[in-house]
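Student: Can you make the complete structure from the sequences, with help from the hints?
Under numbering that gives the first Met the number 0, the first residue of the sequence shown carries the number 0, and numbering increases by one thereafter.
Hint data in this document are derived by calculation from the structure and do not stem from the laboratory.
Per label pair, the in silico range of CB-to-CB distance: (1) A112 to A152: 19 to 27 angstroms; (2) Q151 to E118: 21 to 29 angstroms; (3) T169 to R203: 15 to 23 angstroms; (4) A189 to R48: 49 to 57 angstroms; (5) D122 to D18: 20 to 28 angstroms; (6) R36 to S78: 17 to 25 angstroms; (7) A115 to E67: 38 to 46 angstroms; (8) R36 to A189: 46 to 54 angstroms; (9) A30 to R144: 33 to 41 angstroms; (10) H205 to E84: 15 to 23 angstroms.
Yeah, the Cβ is synthetic: ideal placement off N, Cα and C, and Gly gets one too.
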Amino acid sequence: MSAQVAPARRRGLADEVADRIRDAIFDGTYAPGSQLREVELAEALGVSRGPVREALLKLEREGLVRGEWHRGTTVTSLSEVDVAELDSLRAALEQLAVGLVIDRAPGSAAVDAAVARMERAADAHEMVRCDLAFHDAIYAAAGHRRLEEAWQAIRSQVHLFLLTRIGVETDGYLAGIPAEHRQLADALRAGDREAALELFATHRQHAFDILTGRSSG
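Tutor: Have a look at this one:
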């Protein structure tokens with residue numbers, strides 16, 4: 000397992016180690032529930048255990064891993080409560096972001112570029128990264144620094160949310176997600192606040208329903 004993690008470029012830097020472990024979680028090397036052992040990670044990354052320990056604490060603050068005295072550190076498995084809380088918080092942030100984008104930058108080139116990248120995604124993990132990049136572009140276009148910081152605070156957990164979603168169901172995912180996001184971008188460009196908010200809510204609800212077993216698909 001540990002051999003699949005690329006060696007760190009700069010020895011002894013906890014942030015670099017955190018980046019490597021985060022990437023390994025996001026590319027599916029370490030699935031939710033996987034144990035992360037300090038000794039194995041230190042050996043694979045070519046660092047001492049100290050930076051690994053610091054990195055795991057950083058990732059725990061991001062919500063990507065959980066440390067328990069009797070189990071050690073594991074990649075976070077989202078509970079029903081986690082899913083519901085992330086969904087409701089994301090909804091609150093996104094409603095503000097969408098309204099601001101319509102007011103300030105309804106035709107954002109960065110949003111359109113993010114959709115174009117989604118249309119070229121080769122696999123589900125790349126699609127998830129493109130999905131996050133689309134929402135990054137939304138928050139950047141909103142022009143609200145604290146709102147963007149609030150998004151960044153939960154971004155890693157939303158990434159985990161989307162990885163969990165594709166772990167439950169991928170049927171039609173690659174084909175359908177770009178079209179959904181094209182609709183979202185078009186609604187923003189049209190400047191129709193009510194239609195845009197409704198489409199974004201439907202988009203979030205689809206993923207939520209899949210994760211909670213309510214999807215008929």
